[in-house]
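Participant: The listed protein sequences correspond, in order, to chains A and B.
Numbering-wise (the working numbering), the first sequence opens with residue -11 and increments by one.
Numbering-wise (the working numbering), the second sequence opens with residue 8 and increments by one.
Please keep in mind that the hints were generated in silico from the structure rather than gathered at the bench.
Hints are not guaranteed to be accurate.
[What the hints assert, rightly or not] In silico BS3-like cross-links for lysine-lysine, where the CA-CA straight-line distance does not exceed 30 Å:
hint	chain 1	residue 1	chain 2	residue 2
1	A	K290	A	K204
2	A	K73	B	K98
3	A	K73	B	K89
4	A	K417	A	K356
5	B	K89	A	K134
6	A	K73	B	K11
7	A	K11	B	K98
8	A	K123	B	K89
9	A	K82	B	K98
10	A	K82	B	K11
11	B	K89	A	K82
12	B	K98	A	K123
13	A	K408	A	K388
14	A	K356	A	K329
15	B	K36	A	K73
16	B	K36	A	K82
17	A	K324	A	K417
18	B	K98	A	K134
19	A	K204	B	K98
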Amino acid sequence: MAYENPDGIRIGLEIHVQLNKLKTKMFCGCSTDYHNAAPNTHTCPVCLGLPGALPVLNKKAVEAAIKVGLALEGEIAEETQFHRKNYFYPDLPKGFQVTQYDYPIVGKGKVVIEGEDGEHVVGITRAHLEEDPGKLVHIGSIEKSKGVLIDYNRSGMPLIETVTEPDMRSPKEARRFLDKFRNILEYLDVFDGNLEGAMRVDANVSVYWGTRVEVKNISSHKGVERALLYEIMRQKNVIRRGGKITQETRHFDEGRGVTISMRTKEEAEDYRYFREPDLMPMRVTGWIPAIKETLPELPDAKRARFIEQYSITDMHARALTSKIMLADFYEGVCAKGVDPKTAATWAADVFLGELNYRDLAISSYDGKTIGFIHAKDPAVENSFKVSDMVELVTLFAEGKVSDRAAVEVIRIILDGTEEKTPSQIIEEKGLFKAEDDLVTRAVAETIAENTAAVQDYIGGAEKSLNFLVGQVMKKTKGTADAKTARELIVKELKG
Amino acid sequence: MITKEDVEHIGWLARIEINEQETVEYMEKLNSVLEYFGQIDELPTEDVAPTYHVAEIYNVFREDMVEECLPQEIVLTNTEHKQDGAFRVPKIG
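This is chain A alone, in the form it adopts within the complex (with noise of 0.2 Å):
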């Protein structure tokens, strides 16, 4: 059934994102690995703006940028040029910004997300090359800001501009196209979206067909649908007391989930641009067909090969692509003789859903061992080798270790800091299946110690069965089967 978006809500994005995977900046080889570096000490002339200095385009930085306006079905410009973009404030050293104005790199394109009813097509308006300001950082809270300190080590980072058409109809959709854009770009290796700043989304958002409001300053996804819904919520009540939206620009604050106006007194004609006489335009068709040799399978299609070759379902195939990463690895454990289906079960079920759970995401694979850092602090490191996966995969489905009992392992290689082995755990704790004798013993006993939840049971109570469930799995410390205990107990009770 078609989604008849009752509200009439329209959001498009813009989405800036730093192609953080290149060695140097956009227009200096000052270094783009200054994450954890002192203020000012990835800077030069260039990208500090001074007198005379003369900016060079990385040539990488193109290529990226085909790259990307290929996976996005675009059109990639005959010509194209960058314009200066003239405005006043501390976080741009040289008074303008170096972007692409009306001959953008990247023209009309499109990407296919999982809508509100199905498969949507989120058509992309353009993409365009520019350079990252600095970073600027109060002294102080904003409000009560006494200076501001000015770090440049940002500046000229290659950044790629992303903009969308107002085709979403949720902050959900939204979202789900964020998501998905985040993963091409990681197929495409031109990004890592773990690095702090490296990508933020400004969203147009309108309601029933009306006037569009800008929310600005958004940096993660769960912000985009958190501020987008408060948007959404503001500008209804506004009309339902009788109100009018205003054509604005506001800002989220994410600590308080809420969007702010401000008020701006810069239009586009403001910004007077013209076209940057230091860089000469570019005509780089010609490099499409090479590039188009190197473009990686993409997330559509991995995840139709995935369904088609390792006979899973969809679910687990979109889970398993949704990360390039994981899809490696998961590709990896199957390398190694395992049946694919109870390996998607566990790849993309147990193990990604305990990665989530624990706030890990995803940031290496060497072939080997996949690794992860914990999303709110980078610090904190663990990882999960292939081998461990097949081994645990191999017992579960030899039938040598219980479900739960898998499950226990994965936290406990998780969490551990140790090297063992899912067999070594399994010795260790005693997860091994229980015999069926055992369990046996451990139904029989539940049994007779509990007669109240037994009479209640063949009085009708059907909760009092997963009461006894427990009892037998915590006498059996987990082991036991729960399907089997199950159907050992109604075959005691109820013969």
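Got chain A sorted already, so can you dock chain B onto it with the hints?
Facilitator: Coordinates of chain B only, in the frame set by chain A:
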């Protein structure tokens, strides 16, 4: 025609304080520049492609190779307004 309000607005964009006397002075000067461009505008240029660069050069790139950056003390050498390795500026309104 550039008005006094335009001059004030331009001053605000550039974050420059302009007093009453200067506003009038700049308005007159800017209008004379505009007048001169008005003269150029009279030339028939419909059939002439715009020239943005004198040399017809395309595709000037550098390789993605790391070069040495400036040391922090050199970066900050031209300012008195510094703190903890950063440039310090007044609060921005």
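Participant: Compare the structure with each hint and give your call.
Facilitator: Results for each hint:
no.: 1; hint: A:K290 <-> A:K204; verdict: violated, 34 Å
no.: 2; hint: A:K73 <-> B:K98; verdict: holds, 23 Å
no.: 3; hint: A:K73 <-> B:K89; verdict: holds, 27 Å
no.: 4; hint: A:K417 <-> A:K356; verdict: holds, 26 Å
no.: 5; hint: B:K89 <-> A:K134; verdict: holds, 14 Å
no.: 6; hint: A:K73 <-> B:K11; verdict: holds, 24 Å
no.: 7; hint: A:K11 <-> B:K98; verdict: violated, 33 Å
no.: 8; hint: A:K123 <-> B:K89; verdict: holds, 15 Å
no.: 9; hint: A:K82 <-> B:K98; verdict: holds, 19 Å
no.: 10; hint: A:K82 <-> B:K11; verdict: holds, 27 Å
no.: 11; hint: B:K89 <-> A:K82; verdict: holds, 18 Å
no.: 12; hint: B:K98 <-> A:K123; verdict: holds, 14 Å
no.: 13; hint: A:K408 <-> A:K388; verdict: holds, 18 Å
no.: 14; hint: A:K356 <-> A:K329; verdict: holds, 20 Å
no.: 15; hint: B:K36 <-> A:K73; verdict: holds, 25 Å
no.: 16; hint: B:K36 <-> A:K82; verdict: holds, 25 Å
no.: 17; hint: A:K324 <-> A:K417; verdict: holds, 26 Å
no.: 18; hint: B:K98 <-> A:K134; verdict: holds, 6 Å
no.: 19; hint: A:K204 <-> B:K98; verdict: holds, 20 Å
Checked against the numbered hints given earlier, the structure breaks hints 1 and 7 and satisfies all the rest.
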